[in-house]
Structure formats: C-alpha cells, structure tokens
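Number of protein chains: 2
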Amino acid sequence: MSQQGEDVVRAVYRLAPLGGDDVASFTARALALARESTLEVPVGVASASIEGGLLGRVIGVEPDADGAATARIDYPAAVLDGSLPQLLNVLHGNVSLLPGVRLVDATLPESVLEAFAGPRFGIGGIRDRLDAHDRPLVAVALKPVGLQTSELAELAAAFARAGVDVIKDDHGVTDQAPSRFSDRVGAVAKAVAEANAATGGRTAYYVNVTGPVDTMGERVEQAAEVGCGGVLVAPGLVGLDTMRALADAEPALPVMAHPSRGDVGPGRDSGVSPEVWYGLLYRLAGADAVVYVNAGGRFAWSIDTCQGLNRRLRAPLGRLRASFPVPAGGVSASDAPSWFERYGTDTLLLIGGSLLAQDDVEGAARRLVEQAHAAGSTPAPS
Amino acid sequence: MSQQGEDVVRAVYRLAPLGGDDVASFTARALALARESTLEVPVGVASASIEGGLLGRVIGVEPDADGAATARIDYPAAVLDGSLPQLLNVLHGNVSLLPGVRLVDATLPESVLEAFAGPRFGIGGIRDRLDAHDRPLVAVALKPVGLQTSELAELAAAFARAGVDVIKDDHGVTDQAPSRFSDRVGAVAKAVAEANAATGGRTAYYVNVTGPVDTMGERVEQAAEVGCGGVLVAPGLVGLDTMRALADAEPALPVMAHPSRGDVGPGRDSGVSPEVWYGLLYRLAGADAVVYVNAGGRFAWSIDTCQGLNRRLRAPLGRLRASFPVPAGGVSASDAPSWFERYGTDTLLLIGGSLLAQDDVEGAARRLVEQAHAAGSTPAPS
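Chains as they are written, first to last, in my numbering: chain X, 1 to 382; chain D, 1001 to 1382.
Keep in mind the hints are simulated off the structure, nothing from the lab. Ideal Cβ placement from N, Cα and C applies to all residues, glycine included. Treat the hints loosely; a few may be bogus.
Derived contacts from chain D toward chain X, CB cut-off under 10 Å, selection only [what the hints assert, rightly or not]:
| id | residue |
| --- | --- |
| 1 | Val-1012 |
| 2 | Val-1079 |
| 3 | Leu-1080 |
| 4 | His-1092 |
| 5 | Gly-1093 |
| 6 | Asp-1170 |
| 7 | Asp-1214 |
| 8 | Leu-1237 |
| 9 | Gly-1239 |
| 10 | Ala-1249 |
| 11 | Glu-1250 |
| 12 | Gly-1262 |
| 13 | Pro-1266 |
| 14 | Ser-1338 |
Across the chosen pairs, the derived CB separations fall in these ranges [what the hints assert, rightly or not]:
| id | chain 1 | residue 1 | chain 2 | residue 2 | range |
| --- | --- | --- | --- | --- | --- |
| 15 | X | Pro-63 | D | Val-1104 | 30 to 40 Å |
| 16 | D | Arg-1202 | X | Lys-190 | 28 to 38 Å |
| 17 | X | Asp-105 | D | Val-1104 | 26 to 36 Å |
| 18 | D | Ser-1150 | X | Ala-115 | 20 to 30 Å |
| 19 | D | Asp-1022 | X | Ile-59 | 39 to 49 Å |
| 20 | D | Asp-1105 | X | Thr-199 | 47 to 57 Å |
| 21 | D | Ser-1332 | X | Asp-105 | 33 to 43 Å |
If you want the footprint, here are the derived chain D segments under chain X, 3+ residues with CB under 8 Å [said to hold, decoys possible]:
| id | stretch |
| --- | --- |
| 22 | 1050–1057 |
| 23 | 1095–1107 |
| 24 | 1113–1119 |
| 25 | 1143–1151 |
| 26 | 1199–1212 |
| 27 | 1221–1228 |
| 28 | 1339–1348 |
Whole structure, please, built from the sequences with the hints as guidance.
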C-alpha cells in the first residue's frame, strides 16, 4: 500500500552498473524505468492527475555491494486492467529492452490477485487425484522425439507398472510424424490405464498439448476424453496467458508447466529472476505444477535459486492454491533421496534421461518409486 | 541443406566465455546445446536411427576475437512439426536457460517456411490500403494511459486532420477504466473516419487488441466492424503464436507488432538477437509492420542492429511478404528527415511522445507528414 492507501504493485529491479555509476545516475535510471513502464511520455505531457495517479513511483534506490543498485518501484494498480499481459507489460515490458535491468521481485496486492484464479488443483488437488499423500511424488518423461507412438506407449506402460505418479511427454515430443498428437494421446492413455487396472495404481499421463495456440483447447478436450490425468504446457513457447486461458477453461485437468524459453538465467544482468518468473507468474497463470531446472543438473542454477522458487510456489498468495515444485533437468535417479530430504514432501521430482539410460528402465523406475514412498513426510526447509 | 540433401534449419549461436575456455570446451558446449534442443537424452539412450535423423548437428565452432565463439548447428526439419512453438523450442527453448548462449542467426528452408503464411498485407498491402506509395510513412501514438476515451478520440481527430498515415494506440493503453477497449475502438474509429471524410484522407487507426488471449479474436472482430484500419499486438506479452493465429484468422486486418518484453538487448550474452527475434520471427508470425526501438532514442540500440533488422524484414523469405520496419522509441519528430534518408522509403516512422510534447500537436503532426511527403522515394541502403 502506498501512503495514499491505494493499491500498488511493488516491483524490485536490479540495475547493473553501466559505467560511471553513482546514486544520482542509478536514481535517474529508476525514474526513467518507472515512466517507461507506465505513462511512456516525456515529463510535462500528461496532466497532473495522470502523473499523480498512474506514474510508477520510485520508492527507493540503494547501491549494492557488487556495484549494482536495487530500485524499488510502486505501480498504481489503476494502470493495470485485470489481465496478465498488461501486468507483464508493467512489470517487465519495454524495460526488458533497456540495458542492465533485471526484475528480481514483485509483490501483488489482493485487488490484483483477485483477478486470477491461479491453479485449479494445486498441490492438494494433484495429491487427491493421485491418492498420494504424506510423501514426495515422482514423475518421468516419455522421450526422445522420434520414437513411434507404440514405443512411447510401451515405455509408459512400464513406468505405470513401476508405480510412478506422473508420466509426462517430453516437451519436445509434440506432433511430429513418428507420433502425432492425435494418435499418441489415446494410445498412451490406454496403455497407462491398462497398467493401472492390472496393478491397482493411479499413475497419471500428462500429455503435451503445446502446439499452435488455436489447437490447444481441442487438444485438452481430447486429453480429457481419453482419460489423461493432466496436460503439459510450455508457456514460454505459447505465452503465459495462453496457459492461463487453458487453466481457466473446461475441461478441468491439472496443468504442468515446462520452463522452456525464459530469459531467467541466474546471474544475468537482464531478464527476470526464476523466483518471479516461475515461482510467481507461472503460479498466477494457473500452473498446478512447475517444472524447473534443478541445481546439480545441466543448467548451473544454485540451490538458493531453487529453494527460493520452491518457497514462492508454496507460500500463501491471496486465495491462490500452492503449486507443486518440479525440479528436473539432469537430475540423477540415484540422488532422489537427497532431493526429497532437501526440498521436503511437497515436491514432485522429475527424472528424465538418467532413468532411460538404465538397462532395466522399469526396475529403475520402481526403485525411484520406492525411494519416494520411503521418504515419507519431510517438512519443507524454511 | 545438409550433406544428405535433407532440409535443415541452420542456427548460429554466440557462446560467451565462461572461464577457462578453449576450442574443446566451446565444442563440448555446442554438442550439448545441439542435444538439448532436440533429443534431450544422454548419449546411448536413443537408437542409431534417431540419433542420425533428429539430433542437431554441430557444423562448426569458431573462436571469435572477443573471447567468445560462434557455433553453427543444423537442425533436421523432421524435429519440427510445422508449428511456431516447436520452431521456437528447437531454436531457443531449453538452451535459453543455459549460461552464455545467444541465438544470433537462423535460416529456414523452404519446407519450413511453407508452413507459415507470414504477413497477410505486408509493405505493399499496407501501402495500398493507405494509398501511400513512393514515400516513407508516418505513425503516431495515442497516449498516455489515463486519458478518457473522448480525449483520445480528440487527439486522434487532430492527427487524422494532419494526415498521418497510421494512428496507433500506445501499447500500454489497453482496457483500463478511463478508456475501455469496447468504448475506445468505436469512438476513435469514428473520430478518424469523420476527419478523413472532411479532408479526403486515408488515415488508419490501429487499435491495441492486446489483452487476455481468449478475448483477442473478439477484439479484432470489433475493430473490423467499426472500420479500424489495423490492429496493434504485443506478441512478447501474449505469445508469438497468438499473433500468428490472429494474423491467419478472419477478419483480415493489418497487424502492427509491438516489441514490449523481449530478451533481445544487443550486447547481451543470452537471449536472441533483435534481427532474429523481430526481423525473422515476428515476420514469420504474420506481423505486417514491426515496431522496434530505434537507435538514438531511449534504448541504446546501434544503427547496425536497426539496419540489420530492417534488412531482414524486407529481404526475400520464401513466398512471405515483406514487413514494414517501424523505428520508434524516443525518436524526435525533428529528426524524421534524417531517418527517412538513412532507412529508405519502405519505412514507417513512429513518433510518439516527442510529438505530444509540442504546444501545437496537430501542427507538429502536419510538419511530420510534410516531411514524409517531401522525402519521396529514397532507395534503401544495401
């Protein structure tokens, strides 16, 4: 809340040094940023009431120890319109094109949160559907691209027999000739259902519905018709609001969000922090589970970044449900117990390629499942 | 084309130095990148036919003078599925999350281009609709956010009387309380039509349809119904493929694309070059005119970057029409003649805030129009 008592979005930016920096130059950059994100006209063009009511306000500019500065800016909620595209535009629209500006934190008031339904299932809803409580969950991936639909269905059946919680398509398995979406969705769902019937299990198949945006609604319908337990969406490829629209629409299926294509890399001078992008905005856009690239894998993210992201996905956020953190990306199955311990029970661990590299994929998946059951309930680190 | 004669997408990445770099380490990074973008499984998991047919191929890795390296990778077209999201995923999906990788060039074979209709109007179609040939065009912006619909309509009438070619909404003027989309679209279109009727002019109003993705089709329909000359879309906020779907659908209106929210800043170690993002991918996604942040304005882009972008928007690209380059972003009206000379006739120059800062906005707009007419036909620099 600002001094006037009206609602504001509080954004925090890291301003990288650009040479010859001092507090005055950082402050000038913060003022320009606040104007760029809102009025986008030179001083003197807008009326006093518009300048007073809609211009972003620089609340503080503090030099950091590393030569950068932290700028805090309050955006009046009245500059928003209740939509995710306009929220993105204000937080990180034109300013994404400025040199040395990184969005590192954002806090939304209740009045802004109210416009978003958020996850329809969330951690609790996914657990109920899988009948998997009081333990971490495990997911595996169907890949690589190039496998025939029948081969993917066989692989899925093996994973289901092993009792994994979620089988997801690789995000790169879309609608290529060896496995068209319309063939795969039914064939794999059937293979998983048959394995579940044999074992009494509840394994869910999350089919990848990422594709041309004007086909995605239909793909979700097909997924629901054949009994898929959820869908995979890569909002970096189709737009965050495309995921939001699917999550809000019927039929209702859990949405797992894939991190492909983000300008989020830790340590960069530009872009958005993973905690804000995946931890806040993916959740706001309705992701029930959020895949991210885990520390220790192929992507060089720190444990602190991952823990920060986990916290944001689980922390109270208006009336929005919590989303499952899904660490992935070069995570080895043999390390699963240590990740369960580190990240706590409300974690859905995704093991991809390292499982497929085993001679006995089904046996390896079964050991992973046993590890998840053995982990039981572990409190999340604070 | 690869040695085997099959179609490939050729991508060029800049690999930033990460410390301790030599040709071997750059090559290892290029090989990992090619695998990440396609199969995303460890060596040995995929069959020989999948590795041979779908894995990205490192064609060359060359050290650059600045300590970075340039990696050329060919992606077999068979890894694509004819959709823009999957093309994005292969060019810059998971690899966008790797440290120090920047996509700096991409070349698409005919078989890939064929899946995309591209701009429906392009430079020629926009000129025909405006009856504006053999000269550069000028556009202006309605802003700031906070103005009432009636005030925006008055401003638009003044611009239309002055004879500007295109009046666009500011991309931050969306659906806020002072000017709801459904009110503004008709009121401003009417004001412009009345001014055109009085002057005999052909000024077009491009209304901003950026919003919740499940409302955008309806907004385009409303725009067509009330006689808008085109629409403004910010694909960075709603997804590139959302623009593509609108551009492919009925009703047919020219699409002007806004650059808000891109990970494109020149000089960055990550992201995508503006030439590829705005020059290739926006055009592929159907933008008839592409707004970008001009050199000499608020955004510190170089002339070389802007000229490279202009070239990509206008150069032959399969059967796709050329898109109008729209330099903007802190361009001063008084500098218009020099930009016409520098960028050539096939340029749509957008003057925003600097025009609004004049005491006599209509007079200033009229001088801008006179400058465009005086510029006449100037060949584009090669």
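May I ask you to test the interface hint for Ala-1249 (chain D) with respect to chain X, counting a Cβ-Cβ separation under 10 Å as satisfied? holds, 8 Å
Restraint satisfaction for Gly-1262 (chain D) [CB to CB of chain X, less than 10 Å]: holds, 6 Å
Are 3 or more residues of the stretch 1339–1348 of chain D near chain X, judged by a Cβ distance of less than 8 Å? It is violated, with 0 qualifying residues against the three required.
Given a cut of 10 Å on the nearest C-beta pair, is the interface hint for Glu-1250 (chain D) held or broken against chain X? violated, 12 Å
Can Leu-1237 (chain D) be said to touch chain X, with a Cβ gap under 10 Å? Given a least distance of 4 Å, the restraint on Leu-1237 (chain D) holds.
Are Ser-1332 (chain D) and Asp-105 (chain X) spaced within 33 to 43 Å by their CB atoms? Between Ser-1332 (chain D) and Asp-105 (chain X), where Cβ atoms are some 35 Å apart, the hint holds.
Using the Cβ atoms, figure out if Ser-1150 (chain D) sits within 20 to 30 Å of Ala-115 (chain X). Holds: the Cβ-Cβ distance is about 26 Å, inside 20 to 30 Å.
Have a go at the His-1092 (chain D) hint: is there a Cβ in chain X nearer than 10 Å to its own Cβ? Constraint on His-1092 (chain D) satisfied, holds at 6 Å.
Are three or more residues of the stretch 1095–1107 of chain D within 8 Å, CB to CB, of chain X? holds (count 4)
Any CB of chain X closer than 10 Å to the CB of Asp-1214 (chain D)? holds, 4 Å
Hint check: is the beta carbon of Leu-1080 (chain D) less than 10 Å from a beta carbon of chain X? At about 7 Å, which falls below the 10 Å cut-off, the nearest Cβ of chain X leaves the hint on Leu-1080 (chain D) intact, so it holds.
Assuming the hint says 47 to 57 Å, is it satisfied by the Cβ distance from Asp-1105 (chain D) to Thr-199 (chain X) or not? holds, 50 Å
The structure is inconsistent with the numbered hints 1, 11, 14, 16, 24, 27 and 28, although it conforms to all the rest.
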